[in-house]
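Using the sequences and the hints given, assemble the complete structure.
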Amino acid sequence: MLLFVVVVCVVLWGGPVEAIKWDFDDGTTQGWSAKEAAIWGGTRELYLLPGVVEDGVWRITVDPYVTNSHYSTASISVVSSAELVSPTIGYDSGLFDHIRIRFRTVHDRPTVGSFALAWTNEHNAELTIENFSEGQFVLPYRPMTYTTEWQEVVIALGHQDATIWEGLLKDIQLSFVLDSVEASQEGELVKWFEIDWIELTGVEEQLQGELAPPHVDYFHWTGAGVFAPPVFYPIASGIGEGFAGNTGVLTDLDGDGDLDLFAVWRHYRGRFPSAGWLMALNDGQGALELRRIEEVVSTGQSRTDASGRTTTRLVSLAVLGADLTGDGQDEIALSISNNGQVTEVWSIDAELQVAVLVQIKDRWIRSVADWDGRVELFVGKTTLAGSLLEAWDVRQGVWTAEEVGVTETHSTNTIGDFTGDGALDVLWEPIAGQAHRLILAPLGEDLQSGEIFEFDEWKRLLGVGDFDGDGQVDLLTELIFEELVGSKGLALQQKRTGDRVEAAVLYDERLFRLSPVEMGDLNADGVEDWVFIGGDRASGFGVFVEWGGSVRPTQAGERHRLEGRATTVLAGDMDGDGDVDLVALDPILGGVHLLKSLLGEQATAVLTPAVARPAQHRLGDSYPNPFNPSVVIPLDLATDATQVSLTVYDVLGRRVRQVWEGPLGAGSHRFVWDGRDATGMGVAAGVYIYKVEVDGRVEAKKTMKLP
839 MLLFVVVVCV VLWGGPVEAI KWDFDDGTTQ GWSAKEAAIW GGTRELYLLP GVVEDGVWRI
899 TVDPYVTNSH YSTASISVVS SAELVSPTIG YDSGLFDHIR IRFRTVHDRP TVGSFALAWT
959 NEHNAELTIE NFSEGQFVLP YRPMTYTTEW QEVVIALGHQ DATIWEGLLK DIQLSFVLDS
1019 VEASQEGELV KWFEIDWIEL TGVEEQLQGE LAPPHVDYFH WTGAGVFAPP VFYPIASGIG
1079 EGFAGNTGVL TDLDGDGDLD LFAVWRHYRG RFPSAGWLMA LNDGQGALEL RRIEEVVSTG
1139 QSRTDASGRT TTRLVSLAVL GADLTGDGQD EIALSISNNG QVTEVWSIDA ELQVAVLVQI
1199 KDRWIRSVAD WDGRVELFVG KTTLAGSLLE AWDVRQGVWT AEEVGVTETH STNTIGDFTG
1259 DGALDVLWEP IAGQAHRLIL APLGEDLQSG EIFEFDEWKR LLGVGDFDGD GQVDLLTELI
1319 FEELVGSKGL ALQQKRTGDR VEAAVLYDER LFRLSPVEMG DLNADGVEDW VFIGGDRASG
1379 FGVFVEWGGS VRPTQAGERH RLEGRATTVL AGDMDGDGDV DLVALDPILG GVHLLKSLLG
1439 EQATAVLTPA VARPAQHRLG DSYPNPFNPS VVIPLDLATD ATQVSLTVYD VLGRRVRQVW
1499 EGPLGAGSHR FVWDGRDATG MGVAAGVYIY KVEVDGRVEA KKTMKLP
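Under this note's numbering, think of the first position of the sequence shown as 839, with each following residue one higher.
Derived from the structure by calculation, the hints contain no laboratory data.
One or more of the hints may lead you astray.
Said to hold, decoys possible - Lysine-lysine pairs mimicking DSSO-like chemistry, simulated, CA-CA at most 27 Å apart:
id : residue 1 : residue 2
1  : K1529     : K1543
2  : K1008     : K859
3  : K1540     : K1529
4  : K1529     : K1539
5  : K1199     : K1219
6  : K1326     : K1008
In structure tokens:
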């Protein structure tokens, strides 16, 4: 069995010299990270505690009232805690027989808590939470007194079953619960925890010598590129936290023409977790300020199991926004799951007052999409017995539902035009316990007529499209799924022969992905790009932007590190300059990170070098053509122009949108028309004429918008 020894302050240690030592003397954590202890599963398992390394000492902020990680339930009380997770070690576990760590608490008195050890090697890499709860590969929490002086812990790693410890060692997790329940009730919690060094030692080193600390391969964060560095705006704790579906939408809530934020939230203060929704308004420059927040009260029943542990069913919410009534203003569709499921469609007035337009019981949001010339709301219900998909539409104030899909084996994953034929498709995924077969079928048609994608094992779907330009539909998925941390890596699933798909690895398992993948043209080049929140414990987490939806991550992509822990990223023009900005929702810091696009400064008004200047004025061909929703219009100027006008007209000669008017320097320019008229309404499908006038010289060309 594992032996556990605590040696306080003065240590008489007669073992061999260290095999691996992390002393933090280089000013970094050397790949180690700190998270809240006893948090397993999904993105919460990856929430890192803030810390700093100074003079070789790693100081970690553990005060839960500072880190916004505090929560309490009937069985768990608020305590300061930290779990130290090592980088990938990569040596055989059998080389080591002891772990040593030197630490202290920064507090006004000693405090009683506990300590635990866990590890991951090739024998337990596939363990689930249930395995860990049985204590097979974890040293159970044991009582311990933490002092304000330096103290050391020595853990002997011998085990009666050597195969459990031996094998390629991936990581070690050292968990410190720094306060007792009594201390938490008194509010006297430890605020900082300091680490001086960590060692792995072993008898085998006498033969092999001291081992080098494992190399840490960091993700590299870039500076300003297409997007400026992130700016944080506090809104509310728990924004975008832990929901089954979309957690936020950018839309004009107050009718002033700016994109605002409607988001759902959940946090863990109080006896049980609470959840609700909020509205934050834009000041016109992208800064968001909280204006309304509401809580959805949980009426779920508490349940106590045989061990005395009490649990309560959590409220889940999901939100989408779209102009469902055709009045030019987006409505909000909100799904709430508590003791049952219900979806409501809301209209919101300039005073942020809500009017419920329709309530759809026992249904959950699936998507909003233009099916027959009008945007409709798609909702569904899935049980182990089967799945139902409905399309809801409103005409003259009357809401009606049409059944557009029923199956006993699959449920709706996503809806869109994935084949490029102008019609909507549905990607159906297997219901739990069924075979790993995804089916892509036209909306409203039987699944038997659909295209089949067969997997060796279930994968979480992140995107659908023709990503490699071969005319075939590809699937973007996670690479692997681990019970304790969630999705890892990215893979492009492509058909080679028959219905089977093969994975092209885009990011390996070192990438932890915290958010869904948002797809759209972020740099106005007519090609879909990808953006998501990801990273790892050693590098931190931030916004990953991949240009062009490449089948391999491009070196020219951007990565912006974020403080806190964002779990959702939204795209929209937040400052009204015509370029797409990014908004990342951060439940731990309780706000949003805004990354403004710099395209307008970099591309539209920047002169090209004299040697690269065009030989003559030229209006280029728009791309993509046909387009939907936006199109790029190139314009070359051989010399500076005092007056340039670029205007879009319909085929009857009526002016639709003034894209540019004013002086413009010599060089190559790109203008983006977003497919909307001067009032901000999306225009109908059809042919449009774009005309440029440069100092009295006129040129015009055609472009076509798809439905």
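Each hint tested on the structure:
1. A C-alpha spacing of about 16 Å is found between K1529 and K1543, which places the hinted pair at or below 27 Å, so the restraint holds.
2. For a cut-off of 27 Å, the pair hint linking K1008 to K859 stands: about 16 Å separates their Cα positions.
3. Simply put, K1540 and K1529 have alpha-carbon atoms about 9 Å apart, close enough for the 27 Å limit, and the pair holds.
4. The straight-line distance between the Cα atoms of K1529 and K1539 is roughly 7 Å, inside the 27 Å bound, and the hint therefore holds.
5. Straight-line distance between C-alpha atoms of K1199 and K1219 comes to about 10 Å, which keeps the hinted pair within the 27 Å bound.
6. Between the alpha carbons of K1326 and K1008 the distance comes to roughly 15 Å, so the proposed pair stays at or under 27 Å and holds.
In the structure shown, no violation is registered for any of the earlier numbered hints.
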